[in-house]
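J.: Letter by letter, the chains look like this.
2 protein chains.
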Amino acid sequence: MQTLHIIKIGGNVMDNPQILEKFIEDFSAITSPKILVHGGGKLATELAEKLGIPQTMVEGRRITDAETLKITTMVYAGLINKQLVAQLQAKGIGALGLSGADNNLILSEKRNHSSINFGFVGDIKSINTSFLSSLLSQNIVPVICSITHDGNGVLLNTNADTIATELAIALSSIYKVHLSFCFEKKGVLKDITDEESYIPQIEKTVYQHLKSEKVISDGMLPKLENAFQAIEKGVSKVLIYHAKYLHTLENDFIGTELYG
Amino acid sequence: MQTLHIIKIGGNVMDNPQILEKFIEDFSAITSPKILVHGGGKLATELAEKLGIPQTMVEGRRITDAETLKITTMVYAGLINKQLVAQLQAKGIGALGLSGADNNLILSEKRNHSSINFGFVGDIKSINTSFLSSLLSQNIVPVICSITHDGNGVLLNTNADTIATELAIALSSIYKVHLSFCFEKKGVLKDITDEESYIPQIEKTVYQHLKSEKVISDGMLPKLENAFQAIEKGVSKVLIYHAKYLHTLENDFIGTELYG
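Residue numbers (my numbering), protein chains in the order written: chain R, 1 to 260; chain D, 1 to 260.
Just so you know, these hints were derived from the structure itself, not from any lab.
A hint or two may mislead.
Residues from chain R that keep clear of chain D, each with C-beta distances beyond 10 Å, as calculated [stated by the list, open to error]: (1) Ile30; (2) Asn159; (3) Glu213.
Pairs of lysine-lysine, DSS-like flavour, derived with a Cα cap of 30 Å [stated by the list, open to error]: (4) D:Lys110 with R:Lys22; (5) R:Lys190 with R:Lys176; (6) D:Lys190 with D:Lys214; (7) R:Lys91 with D:Lys110.
Take a look, some chain R residues computed to stay more than 12 Å from chain D by CB distance [stated by the list, open to error]: (8) Ala29; (9) Glu59; (10) Gln87; (11) Glu195; (12) Glu257.
C-beta atoms are modelled at their ideal positions from N, C-alpha and C, and glycine is treated no differently.
Build the full structure now, drawing on both the sequences and the hints.
T.: If you want it as C-alpha cells, here you go:
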C-alpha cells in the first residue's frame, strides 16, 4: 500500500507566521500523498472577544453556542482554510480546502452529553473516503478544517485532533497511514521542562509501562490513548513532534514515533 | 451539448431566510448539472461594522484593505459558503464549497487602477475548467464564493457577478450554458416602480434599441452589457429574475431572458 501522510497542525503553528511559513514549505516538499488538518488557533477566541461573545471551555473543548458556531465557521472554514490553501497553491501544491459539509466529507451528530451542553459540537459518524481517495489519486491535497455537518443542514464544530484520527483510521484500509500531530514540543517529553527529554519511539506495551510509572504528563495522556487506539484500528504509525521538524518526517525523523 | 445552469444569488436572497429556504429547495430540484455562485450580502458589512472597520464602496465595489479582506474571506468562504453547502446537502445534493484558491479554481490578479486603489480586489485571469467539468461529471455541485487568489499566496475579493459570467464563458466550450442572475426584481423592468413591467425576452438588437431609447434604467445597464458580452463569447442564454421564481427556470420561465 502507498503511504499517506495525514498531518494535523495546532493553533501554535498558525499563530506564528514564521513557523507557519516554514511549515508550508516543508509540507509542500512531502513526496507521498498528504492531507492537512487544522483547527483555528487563537483567532477564533480573538474574534469572539472583539465581538463581545463570551467563550467557555470545558475539558479543553469549546462550548459552541449559535454565535460561537458562526465564529468558528468563519475562522476555520473561511480565513484559515483559504489562507492555507492559497499559500500551498503558491508552492505549486494542488491544495483544496474542505469542511466536513463539502461533498458530505464528514458526517457527524450533535453531541449528547449527560451533564454538559456542548452546543453545536459534533461527534463523527462517517467519512466519505471514496471522495478523499479520488482527490488523492488526482494529486489534489485536501486541507480539512474542523467544521462538520449533521446532514440536516446544521454545521457542527468538531475537534481537529479527532478529525485527523478518524480520517487516519478510515483511510487505513486504502493506504498505509502515517498520522502526524505537529505541535509546540519536540515530542512526548519525559520531563515537561526539558525539550530534549523527548522519547523517540514508544511501542504500545512500553506506553502502558510509562503510563503506570507516571512518566508521561497528564496533558499528553488523552493524545496518546487516542493514538494507540488509532494504531489498533489500522493506522500504521502516529508521530508527535514540533512543527519545525516536519522536514524530518520522511528522513531522520526528530520527534516521538508511536507504533503497535 | 448538455445544458449547465450557472446560478448567481445576490445578497438579498441570502439575507432573507424564507427566500433562501425556498431558493435552496428550488435549486436542488434542477435536473441539469448546476453551479451556484454567491457573494456575501449584508453580513460582511455588518461584521465590519461590529468590528469597527470602516467600509468604502466605489462604483459599487468594496474597497478591500487587509482587514476587510479577512472579513470577506470569513463571511463569503466561511460562513455563507458552508451554510449553503450544509443546506444543500440536507436536500441530498452533493454540494462542494469552493473559493477561487481551491485547486487553483480561479486565478486572478490584483486590480491595477489608474486612480482608485481598490486594495485586495482581483480581476480574473483564468479558470480551472477541467476541475469543474470533472466535478460536474461526478454529480458534484460546486458552490463558489467570491474570493479568488493570485497564485502567490494572496487572496483577492472578486465580484460575484463577474465570477459567474467568466465561469459561464469558460464553460461554454463544454456545455450549453444558461447563466442566471437571481435578484430581488422580477426581471429587467420597463418601469422601475412596476414589478409587472418586466421584459420577458430581449434579443441583442432589441437591447441596443431599448438602450438608445433609455427604456432601461441606468442601474441595470452594466449587468446587461456584461450579459450580452457573455452571449457573444459563447454563453447560450442569460436569465435575470427574482430568486423566488427559480422553480420556473426549466419550465414556463418568469423573468427576463437575454439571447444573441
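J.: Are the hints correct? Go through all of them and say.
T.: Now for the hints, and whether the structure bears them out:
no., hint, in the structure
1, Ile30, "18 Å, holds"
2, Asn159, "17 Å, holds"
3, Glu213, "45 Å, holds"
4, D:Lys110 with R:Lys22, "25 Å, holds"
5, R:Lys190 with R:Lys176, "29 Å, holds"
6, D:Lys190 with D:Lys214, "10 Å, holds"
7, R:Lys91 with D:Lys110, "19 Å, holds"
8, Ala29, "16 Å, holds"
9, Glu59, "26 Å, holds"
10, Gln87, "5 Å, violated"
11, Glu195, "31 Å, holds"
12, Glu257, "32 Å, holds"
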